[in-house]
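The listed protein sequences derive, respectively, from chains F and X. At position 174 of the first sequence the residue is numbered 171 (our numbering), and the sequence of numbers has no breaks. At position 166 of the second sequence the residue is numbered 511 (our numbering), and the sequence of numbers has no breaks.
No lab work stands behind these hints: they were computed from the structure. Keep in mind that a hint or two might mislead.
What the hints assert, rightly or not - Cross-link-like lysine-lysine pairs, in silico, BS3-like; alpha carbons within 27 Å at most:
| # | chain 1 | residue 1 | chain 2 | residue 2 |
| --- | --- | --- | --- | --- |
| 1 | F | Lys278 | F | Lys152 |
| 2 | X | Lys460 | F | Lys6 |
| 3 | F | Lys6 | X | Lys398 |
| 4 | F | Lys377 | X | Lys380 |
| 5 | F | Lys387 | F | Lys377 |
| 6 | F | Lys109 | X | Lys380 |
| 7 | F | Lys325 | F | Lys6 |
| 8 | F | Lys152 | F | Lys250 |
| 9 | F | Lys278 | X | Lys380 |
| 10 | F | Lys73 | F | Lys152 |
| 11 | F | Lys316 | F | Lys250 |
What the hints assert, rightly or not - Here chain X is said to cover these stretches of chain F; the calculated rule only asks that three of the stretch's residues, wherever they fall, bring their Cβ under 8 Å from a Cβ of chain X:
| # | stretch |
| --- | --- |
| 12 | 70 to 81 |
| 13 | 315 to 324 |
| 14 | 349 to 360 |
| 15 | 363 to 372 |
| 16 | 376 to 382 |
Small disclaimer: the values here were computed from a predicted structure and weren't measured. Note that beta-carbon positions come from the ideal geometry of N, C-alpha and C, so glycine has one too.
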Amino acid sequence: MRALVWHGKEDIRCDTVTDPIIEEPRDAIIRVTSCAICGSDLHLFHNFIPAMLPGDIMGHEMMGEVVEVGHGVDGKLKVGERIVVPFTIICGECEQCRRGNFSVCERSNRNKHFAEKVFGHATAGLFGYTHLTGGYPGGQAEYLRVPFADATQIKVPNGLSDEQALFLGDILPTGWQAAVHCDIEPTDTVAIWGCGPVGQMCIRSAILLGARQVVAIDYLPERLSMAEAGGAIAINFAAESVLERLNDLTGGKGPDKCIDATGLEAHISHHHPDTVIDRAKQMMMLESDRAHVLREMIYVCRPAGILSVPGVYSGLVDKMPMGQLMNKGLTIRTGQTHVNRWTDDLLRRIEEGQIDPSFVVTHTVALRDGPGMYRVFRDKQDSCIKVVLKP
Amino acid sequence: MSYMTKMSNIVRYEGDPRVIRSGPSSLPAVDRWSKALGWFSLLLGAAELLAPKSIARSLGMEGKEGLLRTYGVREIGAGIMTLSTEKQMGVWSRVVGDGLDIATLVASRDRANPKSGNIGIALALVLGITALDLIVAQAATASHSRRRGEQRLYGDRSGFPRGVEAVRGAARA
C-alpha cells in the first residue's frame, strides 16, 4: 500500500509499504477513505516532538471502511461499516477508560515503559504520533490497523459525508473539550489564541456552549475571516495590541476564559521579544516549547478565570509567570482529548444540523500529493487551513 | 530506502508496515542545499574555534586568533539556524557573515603579508560560497513565503448551517 512516511525533519514521502495485518483478536483493518493533516503533525514534521523514527507512518485523523476484523471484535464491528477512528487508541475496559479519561487509557500504549520513564506514567497509545505513545502506524495511508477496534471507533451513520464526519476523530472533540473545560457561562468572554483548525472548532464550540462574546486572535487574514464567519471578534496581533483590544472588549476586566489553540510553536514576532528568545533557546535545546501564548493568557485573563490548553506541548518551557498565575487565582485545564467521551453528543449535533465541521476544509488532494501539502500547510501558502487527503 | 529507515525496523513491532520503496521527498532541492550549507557552517565554525592558530598561520594572520574564534562562534550560530526550521534566516545570516569574512581577508591582503597568495585563494573560495549562499537564500525565501495575490478569505464559512445566532447556546439547553 501507499502511505505518508516520516524520514526525518521536514522529510515526508509517499512510500510503498507492506500492508497492515490483523495482529491481535480485537484488531480491525480499514480501507482509509479520507484522512487529514493536523496542525500537530507539523510538530512531528519539524521534529519538535521526540521519538519519531525514519519509516514511521504519519497521520491521526482518518476514517474509512472496515475490510477485516479480528475474532475478538465480537460482532461490535462488521466488514463494510464506515468508521471514524479517534486519534486516541482505547481499550474501553481499564479504570481510566471506564471513567471516560480515554486519552490516558492504561492499556493501549504498547511502549508503556518508555512513556513511564518520560512522563512518570504512561498515557494512551496514539496513531502516528511517536514511539512515546506506542509507535503505532498512522492513518495517512491506504489501509490502517485499528487496535482495540471494538472500542476505538465511531460509527458513521448513512447520509453523512466523509468531510462531515472525519473531524470527529480529533479536531472537533478537541475544540469541544477545550471549550467545555472553560465552564462557559452566558456572560463570559472567551478569548482563543490561534485560528487554525482546532482554534476554529474552539470558536464554534464556545458559541454552541453559549459564550456571550468569543474573541479570536491570529495574524493570518484567511484564518481571521473564517473565525469571524463563525461568530468571533477578530484580533490581528500583528496589527494591534492584544491586551488593549481585549481590555476594550471587556471593559478592562479581561476575558473570563482563555484557550491556547497554538501550542509549542507560537508565532515568532519581533513585536514580542520573548518569542525570539524562546526560538533561540529552542534551537540551542535549552527549552523545547515556545510558551508565548501561555504567558500572554496568564497576563490578560480576568482574575479567577480559566485557561484551557488544547494546543500540544512536548516538554519544557521557560519563564512561566507562576506569580501571576497563582496570585490571580487562575485555573489551568489541559490534556489530550478524551475523544470518545464527546463523540456521541457531537455526532448528534452534526446530524441535527447544529454544526457542519466540513467548513474548515480548504484543500482536498490525493494521498500522493501529501508531502507537498505538508509544506503548503506549514508555510501557510494558498490560504491553506485544513488539508484532506484521499488515498 | 535510507540506512536509518532500515535500522529503525529493528525496533519496529513485527506486524507493522515497513517501507518497500520510497517516493519523492517533501524536502525541496533548496532546503537540501540549505542543509548542506548548515553542516558546512558547523564544520568551518568548529575548525575556527578549535584550530585558530593553524588557520591564522596559513593566512599570515598571526595575532588574530581571537577574531577567528569569534568568527567560529558566528559560523556555528549560523549553522544551527540554517539547520533549523528558520533556514531562510540562517542562510541570510551566512551571507552577512560572508561579507565580514571578505572584509577581513581584504584587510589582511597587503604586500607585507607573506601568505598573501593563500589569502587570494581564500578570497576566491569565500566569494564562490557567497554567491552560492545568495542564490540559496533568495530561493529559500521565495520557496517558503506566502505568495502575493493568492489570498482567499473565508467569510462565508460559518460552520453553522442555521446561522450563528440560531445555535448560540444550543448546547446549554
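How the hints compare with the structure:
1. Lys278/F x Lys152/F: Given pair Lys278/F, Lys152/F is violated - Cα atoms ~45 Å apart, limit 27 Å.
2. Lys460/X x Lys6/F: violated (42 Å)
3. Lys6/F x Lys398/X: violated (36 Å)
4. Lys377/F x Lys380/X: holds (22 Å)
5. Lys387/F x Lys377/F: Distance ~21 Å between Lys387/F and Lys377/F Cα, so the pair holds.
6. Lys109/F x Lys380/X: violated (35 Å)
7. Lys325/F x Lys6/F: violated (40 Å)
8. Lys152/F x Lys250/F: Distance ~44 Å between Lys152/F and Lys250/F Cα, so the pair is violated.
9. Lys278/F x Lys380/X: holds (20 Å)
10. Lys73/F x Lys152/F: holds (10 Å)
11. Lys316/F x Lys250/F: holds (24 Å)
12. 70 to 81: violated (count 0)
13. 315 to 324: violated (count 0)
14. 349 to 360: Answer holds; 8 residues pass the 8 Å Cβ test.
15. 363 to 372: holds (count 5)
16. 376 to 382: With 6 residues in contact (Cβ-Cβ under 8 Å with chain X), the coverage given for the stretch 376 to 382 of chain F holds.
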